[in-house]
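Enquirer: Spelled out, the chains give:
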Amino acid sequence: MLFAKNNFNKTKRFGAGKRRFIYSKKTYANPFFQRKKVSSLRQSGFLSNKIKLTIIASFVTILIFIWLLFFSTLFKINKIEISGVGENLASEVESLARQVAEDRPLGKNNLLLYNEDKLSQILNNKYYLQTLNIKRKPLHTLKITLKEKSQIAVWREGDKYFYLDSEGNAINQVEPLNINGKLMPLIENQTNIKIAGRKANINESALDYILALFNEFKDKKHSFEIERFIVDRDLNTVKMAVLDGPRIYFNLEETVTKQVERLDLIIKEKLPDNLKTKEYIDLRYGNNIYIK
Amino acid sequence: MPKFKIALLCGGPSLERAISLNSARTVLDHLQSREIEILPVYFDHKNQAFLISQAQLYSNTPTDFDFKLSQTATALSQKELIIFLKKADLTFPVIHGKLGEDGEIQKLLEKNNLPFVGSPSKACALAFDKHLANEFIKQRGFYTLPSLALLKNDYREHKRDITGFFKRHKVTRAVIKPATGGSSIAVYSVSNADEALARAKEIFSKGVYDRAVLEPFCQGKEFTVIILENKINQPVAILPTEIELSYKDHQIFDYRKKYLATRQVFYHCPPRFKDEVIFKIQNEAQELFRLFKLRDFARFDGWLEPNGKIWFSDFNPISGMEQNSFLFMQSSRLGFSHGGLLRFIVKNACRRYGLSFPEVKKTKAGLKPKKSLNVIFGGNTAERQVSVMSGTNVWLKLKRSVKYDPQPYLMDTNNQIWRLPYTLTLNHTVEEIAETCRSAKQDEKRLKELTAGIIKSLMPEKNDLTEAWFLPEKMTLKNFIKKSPYVFIGLHGGLGEDGSLQKMLELNKVPFNGSGSAASALCMNKFITGQALASLKKEGMHTARKVVAELNLFKKFKNQDFIEYWKNLLKKLGSNTAIVKPLDDGCSAGIARLFKSNDLKTYLDYAFKKTTAIPQDQLTNQYNMIEMPACPMNKIMFEEYITTDKIQIIGNKLTWLKNTDWIEITMGLLENKGKMRALNPSLTVALGNVLTLEEKFQGGTGINITPPPAPYVSLLAIEKAKIRIEKVAKTLGLRGYARVDAFMNIKNGELIIIEANTLPGLTPATVIYHQALAEKTPLYPVEFLEKIVGNNY
Numbered sequence: 567m568l569f570a571k572n573n574f575n576k577t578k579r580f581g582a583g584k585r586r587f588i589y590s591k592k593t594y595a596n597p598f599f600q601r602k603k604v605s606s607l608r609q610s611g612f613l614s615n616k617i618k619l620t621i622i623a624s625f626v627t628i629l630i631f632i633w634l635l636f637f638s639t640l641f642k643i644n645k646i647e648i649s650g651v652g653e654n655l656a657s658e659v660e661s662l663a664r665q666v667a668e669d670r671p672l673g674k675n676n677l678l679l680y681n682e683d684k685l686s687q688i689l690n691n692k693y694y695l696q697t698l699n700i701k702r703k704p705l706h707t708l709k710i711t712l713k714e715k716s717q718i719a720v721w722r723e724g725d726k727y728f729y730l731d732s733e734g735n736a737i738n739q740v741e742p743l744n745i746n747g748k749l750m751p752l753i754e755n756q757t758n759i760k761i762a763g764r765k766a767n768i769n770e771s772a773l774d775y776i777l778a779l780f781n782e783f784k785d786k787k788h789s790f791e792i793e794r795f796i797v798d799r800d801l802n803t804v805k806m807a808v809l810d811g812p813r814i815y816f817n818l819e820e821t822v823t824k825q826v827e828r829l830d831l832i833i834k835e836k837l838p839d840n841l842k843t844k845e846y847i848d849l850r851y852g853n854n855i856y857i858k
Numbered sequence: 139m140p141k142f143k144i145a146l147l148c149g150g151p152s153l154e155r156a157i158s159l160n161s162a163r164t165v166l167d168h169l170q171s172r173e174i175e176i177l178p179v180y181f182d183h184k185n186q187a188f189l190i191s192q193a194q195l196y197s198n199t200p201t202d203f204d205f206k207l208s209q210t211a212t213a214l215s216q217k218e219l220i221i222f223l224k225k226a227d228l229t230f231p232v233i234h235g236k237l238g239e240d241g242e243i244q245k246l247l248e249k250n251n252l253p254f255v256g257s258p259s260k261a262c263a264l265a266f267d268k269h270l271a272n273e274f275i276k277q278r279g280f281y282t283l284p285s286l287a288l289l290k291n292d293y294r295e296h297k298r299d300i301t302g303f304f305k306r307h308k309v310t311r312a313v314i315k316p317a318t319g320g321s322s323i324a325v326y327s328v329s330n331a332d333e334a335l336a337r338a339k340e341i342f343s344k345g346v347y348d349r350a351v352l353e354p355f356c357q358g359k360e361f362t363v364i365i366l367e368n369k370i371n372q373p374v375a376i377l378p379t380e381i382e383l384s385y386k387d388h389q390i391f392d393y394r395k396k397y398l399a400t401r402q403v404f405y406h407c408p409p410r411f412k413d414e415v416i417f418k419i420q421n422e423a424q425e426l427f428r429l430f431k432l433r434d435f436a437r438f439d440g441w442l443e444p445n446g447k448i449w450f451s452d453f454n455p456i457s458g459m460e461q462n463s464f465l466f467m468q469s470s471r472l473g474f475s476h477g478g479l480l481r482f483i484v485k486n487a488c489r490r491y492g493l494s495f496p497e498v499k500k501t502k503a504g505l506k507p508k509k510s511l512n513v514i515f516g517g518n519t520a521e522r523q524v525s526v527m528s529g530t531n532v533w534l535k536l537k538r539s540v541k542y543d544p545q546p547y548l549m550d551t552n553n554q555i556w557r558l559p560y561t562l563t564l565n566h567t568v569e570e571i572a573e574t575c576r577s578a579k580q581d582e583k584r585l586k587e588l589t590a591g592i593i594k595s596l597m598p599e600k601n602d603l604t605e606a607w608f609l610p611e612k613m614t615l616k617n618f619i620k621k622s623p624y625v626f627i628g629l630h631g632g633l634g635e636d637g638s639l640q641k642m643l644e645l646n647k648v649p650f651n652g653s654g655s656a657a658s659a660l661c662m663n664k665f666i667t668g669q670a671l672a673s674l675k676k677e678g679m680h681t682a683r684k685v686v687a688e689l690n691l692f693k694k695f696k697n698q699d700f701i702e703y704w705k706n707l708l709k710k711l712g713s714n715t716a717i718v719k720p721l722d723d724g725c726s727a728g729i730a731r732l733f734k735s736n737d738l739k740t741y742l743d744y745a746f747k748k749t750t751a752i753p754q755d756q757l758t759n760q761y762n763m764i765e766m767p768a769c770p771m772n773k774i775m776f777e778e779y780i781t782t783d784k785i786q787i788i789g790n791k792l793t794w795l796k797n798t799d800w801i802e803i804t805m806g807l808l809e810n811k812g813k814m815r816a817l818n819p820s821l822t823v824a825l826g827n828v829l830t831l832e833e834k835f836q837g838g839t840g841i842n843i844t845p846p847p848a849p850y851v852s853l854l855a856i857e858k859a860k861i862r863i864e865k866v867a868k869t870l871g872l873r874g875y876a877r878v879d880a881f882m883n884i885k886n887g888e889l890i891i892i893e894a895n896t897l898p899g900l901t902p903a904t905v906i907y908h909q910a911l912a913e914k915t916p917l918y919p920v921e922f923l924e925k926i927v928g929n930n931y
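Protein chains in written order, with this note's numbering: chain G, 567 to 858; chain R, 139 to 931.
Note that these hints are calculated values from the structure, not bench results. Among the hints, a few may not be true.
Computed list of lysine-lysine pairs in DSBU-like fashion (alpha-carbon distance at most 35 Å, straight line) [to be verified]: (1) G/Lys842 x R/Lys739; (2) R/Lys710 x R/Lys620; (3) R/Lys865 x G/Lys692; (4) G/Lys760 x G/Lys715; (5) G/Lys834 x R/Lys791; (6) G/Lys760 x R/Lys860; (7) R/Lys499 x R/Lys431; (8) G/Lys787 x R/Lys710; (9) G/Lys836 x R/Lys796.
With the rest of the complex left out, here is chain R (with noise of 0.2 Å):
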């Protein structure tokens, strides 16, 4: 029997091709099966279409591959984009801004009588327009607040027209953003009519907007809540989720606190507001699904005002679909799985043009039964959100596995450990879930209730809703090594990598993934990793030079001391700046590049005063807020800095600016028969002057070109890299999988060593994933995580 064949459609002009990544990623990974075959079509910044591998999907951003993609396809013509999409049963766009969300993709498919997923041209474009949508709604009586649009060509009247706002509706807090923008890109708190008129300029500068709307800032709380049509067409709000940050300091609920887990933002589904107010909420919701005229799904954003007051400020008519995103965090409180809500909400579409979606069937009997494993994420450490985002796509990736059969397991930062229902499992952040997990007894009660009556409207068929609710249990991590058959250690940083929880593990004999004790706490150690490498200088693989020093050694430092000590320093070093970094924790925390003595002085003021983060613009040419560990630190390296080549990728071309002819690199291990393997290397290209997580680990930041793009890099000199790599890997005991971070000479393949790490982030857009994929046999992310498994269990 044929596949049902479904055209994926993704990227798209706007900033928010990369996040459309991100969401053709989910889709591909819950959606496609033995019945169901994804045909994923890439939009490029210039509305060109190309057909592109599934593998594509799972790069990091667009950028990764755009500029491939100019070199090596050719781009579809309308008329063949229209023939190939023929082709395809059904058209799921997932493209978000601009031509996916503004109506004009589905125009063409309209005109062309295409069955697709999704709202009709006209209820986007309306929706999609922040000012438009206002406007409508304001007519229709519902509550709004003012909004003022600003025409890219009116400039001469921006600044008139922005201080009469101010003065009218007496603003002393505003919100100015692209009137076509979404997930947060270029939405700007501001205090004047000055500030906006700044803001402004720079909206428009970015050459993609070319109308702007200013608001001003609402005083309440803010919620998001999605609506999904059920097989009658009638809309259901499910259950909203509260937003929970500090508005202080002009801070908003931004595109970093959006798609970055952070301390910094908590989401509460239900929200913690009165039952009344969350009915109020789903039926104006549900009542403006069907004023604007949407289809199958939706999510709308909007703030309850301290006086009762409801207004909804965004409609999106394609939500985002990351893993944890809103659309599957409210709906899993229903009970929905990633796959089964994706099925719901295309069994809706299919029905609506009358095609027949295929169910999914149910694996054969007599096949081998699952094997049982427990996949563990959080813990205390500063990279403990990124291990949410690791642990929890482990998780889902391998509840596809035919192999194996994954629970989730949170440990708190308390290190006690939660075993965890499907749907806590999507919440963000350690203390967020660890929270949920506390108060779900209390919470119970009011969940069953606020979701029996959504659950009714929706009309599920039977094996809609997968995912049964239960109580999170509690565990010592004690109990929980007792009771794993299988341990997946999703935990970055701290006891998960520095070699205690292997310990534990080695002396209960419970398998897990990633090396043993010995070589976890050897990697663990930057410094004393370099020294083990040592011996491996002669043959083309080198440590940065390193200094070592107390934390306490500083305390008492003048001025002087600090100018002297730094001048010192970088004699020892040999090079005109430094790389500073907390001895003993992995990642991307606490990392800074000084310039100069007052640089280290910031620097340990920030440390010594054990903040979280160093914000932005605090140190030389810093770029980006720098996250600290999260424990004390005690000892601090510095480290030489490399010049390397300087690389860019601006549009779709890349410059190459040769200076040293040496590029950063990281480069994935997996171990086969027992010898680890080095994987193609990806050349990584920082935006500012050290990877920040955001870039290692959040989709849609970043850029990883896998393998090193030719002509720039020779094919040998990858090569020898990849031995040597190997060559890195069994001096320092390495086992299962790892990722190595190295300076790479292009012509000769040496390389300069920065760290080892034996638990490399595993999170959708990271890049051993895309290097897996660049092998001669390409290994799925669901076959690369069996094949970590598999290697001792």
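In isolation and in its complexed conformation, chain G is listed as follows (with noise of 0.2 Å):
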């Protein structure tokens, strides 16, 4: 019974007919000397296959993965937009980008790849910026929009100049074919302080007024035509030189109406003729004028 009913449970197990067992004939292995099993065998190289064609994909996969990002043009950069600067700051600051773009061994000019933080950090460092915005745009295209502080002076330091801010700080160095010195002041340090770090030796009260004079002036009130304004070792004063004619010495602690209305009134009763043969009118005593 045990018999049968082993059987059966063989034959349920298996199904009958299928497969006969013979439990007589015993034989016992080693477990450890067992020869390979075909059937196993033949299932391992079907996985190995499995495995070889799975990594053999993963890694085309890659291959094209990295072809797409280090050497196909799907993200190339072809286009790189600035916008809020004028056409010269805008090329310079295209070249700074294409140079982050290209200063990696691999990847150069992707736009996945593209170090934003690397040409942020450049941009800051060269420009004095109110925003800096850097956007990638797909697929070829890098937008930067970028604001400089707004220039309202030019500073002549040695033989260098740069744009000012309203604060008195350097924005940037200026090359001189591109100063318009009928839209602002040009000032000439004379002192020996010069720029450190962005600030120029000017502060904000000194600017604004340099700024009034050259807005009292500019339209050639007197016909004087400014040639630039000087900051030198004379403590509270500004000097204005107007070309082909007198330097006047303004004294920054008085207001600029009181001093300009002096001038007028100096030029208009002792100097209608003369006024371009003087070498200098000094302002800063109040209504002591001194004329040379």
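Please dock the two separately framed chains into a single complex, following the hints provided.
Expert: Written out as structure tokens, the structure reads:
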């Protein structure tokens, strides 16, 4: 019964007539010295191929990915859009942005791999920016929007020229050919204190003062053509150099209006014809005006 | 050890102030050393003394800085001057004319017991006054011509006196000159009493002179002789120079002929006189030197009459000291270098005062050996004499360099090259040097005989005579190039500047100064230069409108044709007058301003005749003679005349009449680390319509203000102009150094380019040196030249 039972069980398990088990012929084998089973071998070969295929596929995928990333033109930066600044600065920024795109061993000019932080750092170091926004626009465009602090004057130091913002900070160096003296005042620093970091040796109120003078005379009042303003060792003084005319000394501690009124009066009353022959007019001492 | 300090007094109130600046520059160049310091003191036209920088001595004329001095410097009081001079070990006055040669400054020095170089006050006063000196030597038995002194205040008597003089001495030609003038300034040749009277008026009208002298014109041969004192205070007259020139048409040895090398004058040193005559001149000169009680050195001018009589007509206590003046030319025949002679003179003066004069120490061993280079100058263009001045100056300056060892070479008018000994380099013109070279072999023996006795009498010390004589060596240009490790081209115009020589040097891989062959060829043709720069117009660099014409076109022109052509020309140029210039010659040769069709006709007449010059007053408003190019002209170019602001310097005052906001400038460029950098520009103030050769190169003429002065010219405009000139240089491919002449807008720095010079003149007074000195870190001439050479050698 037991046997029959067992058989039944086996038949049940494997299906009747499909296989025959001879239990009498018992053989024992050391599991450690078993011959390899053919079936298992067959099974592992199949698996191996699968893995191989997978690996190859993965590898190819990676290769394709690498190719797409590093060598294809799919994400190549073809265009760098710069807005918010003038033509000259835009071309400078573009050149810097391209340098950053090129500055990697692999994946040069790739939009996906573009190092925005690095560009941001470079631009902030080089320019004095109010805003900076760097965006990638699929598939080939890098968009940079930046705005410099607005320039209100040109600062001359040695033989270099800088744009200044309203706080007296140097925005950037400017080539003389790009300076239009009619749009903003040119201020020459004749002191020994040179630009430190970005800070020029002039404070906000002095700058405002010079701007006020510039606006007063820029339309050729008294047929003055302002050549430049001079800041030198004389305390609380700004000197206005008139082209083909005298230098006029102003006191920063007294209002522009008062001193200009005095100047108008002295020109009208004492120098109607010979103003241009004078070397200087010193308005710094209240009603005592010194002329040479 | 403290340096030996020499206070160098220069300038002065006379018109020779500028010549004095040339002398001072030579003394500075050749006397200053590690052991000797030169302290320049300048006297302006009011006799006010100013301490000036050494850099200012390199100005072309005192006018360049006179007006700046009055604004920026305070004149020294007499007391301050004396205190300053007492700080120096010795004073060296090199003031010509009044104050310097009339004994005034010496009187002040004597009064304050200050040791000085040169003659005492009394001797100067006597020798310098032409009338007094003539009477003085006459009384002592020397041969003289009659002389009449005219006093300014006795003007009512002038007519009678002059007429009487002409009658009494049967004079058919006379010379009238200031009694106390020099350098042949205000010296006139006249034919009759009326002319003499008119000239007398002219002399007195200058407000500088109060006495004039009238003498018969001496019919004979002119000479000049330098007298040096030896160490035992004995005068030794050295080798005289015969001055050969045509005295026809009232020509005389005038200021221009003295200071600008010209073919009209030929110097012979030794003179062609018989040896006995030379000895007689020397003996008489020595005797007169003693009689006048002169000291250290002097120059006497005189005449040898056909009958053998010798007349000493002028006595100069302070002889001019330009680089190739008679002082250096004559002494170099004995073997003196410039420095050697100046040290010889100063050493003798020191001996008199018991001062110890420092010996020049030889360069320390272990220093790098000097690199050899060859300086070539001369040629056959209209600018060849300027080239001699340039080349000689470069050679002399580089001789003081610690880096280079220059050798002078002359290219004669047949393009043959001569290796020159020191002394022959100091002759004035290409023709003169070449002729001396050709006859050197046969003259050698006589030269040695004549100089041997002089050297013996001078008693020089061991290191005084450093420049040994050798026979000039002739070679072809090809051989010259072959044997040259480096060629410094000092040629102007022709093959030296049109790229031909540059091409040959490039092919032979011999480094040279300045631009390469392509840029040189381009810049030589002003029309093509203009075309090459056309693309820069939008950046503010323009060129004047130009029209080129073949000379042959005008050959068959009649008056009406000229009128028609002129009308059309002005229309094309867009101006009322025109500038005409030869198309291929550089510099100022053949450049004139034409006002009307008749001027064009006259100009072309001279061009067809191939004359060397157009005399003064042939063209409308022509204030100077115009030198014409040496080579035949085939094409001429007309250019629009650019009207500028009117700038004048009168006295110490600059007047600026606004007109168009354009000024004429000249700007040098120097290569630094492969890039051409613009130097500070100079405002050029032309006295006539265009700059003449003299104004460009002759020391003491022309006015340049470096940089153009505030408040008339905007600082920013100057900066902009400098950047623009650098762009011009880049476009034209200029290298090494160059000079660009242009008109500049004083407000925005825009430029109208006139021309680019690939081999700008390097004469002692040329403007490029002032520009290099006006840089933030001033470049002195020797350093400047070293930098030019150092760019590629």
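Enquirer: For every hint, state whether the structure bears it out.
Expert: Hints versus structure:
1. G/Lys842 x R/Lys739: The hint is violated at about 44 Å.
2. R/Lys710 x R/Lys620: Roughly 49 Å separates the two Cα atoms, so the pair is violated.
3. R/Lys865 x G/Lys692: holds (26 Å)
4. G/Lys760 x G/Lys715: Holds, because 21 Å separates the two Cα atoms, which is no more than 35 Å.
5. G/Lys834 x R/Lys791: holds (26 Å)
6. G/Lys760 x R/Lys860: holds (24 Å)
7. R/Lys499 x R/Lys431: holds (34 Å)
8. G/Lys787 x R/Lys710: violated (39 Å)
9. G/Lys836 x R/Lys796: Since the Cα atoms of lysine 836 of chain G and lysine 796 of chain R sit roughly 23 Å apart, the hinted pair holds (cutoff 35 Å).
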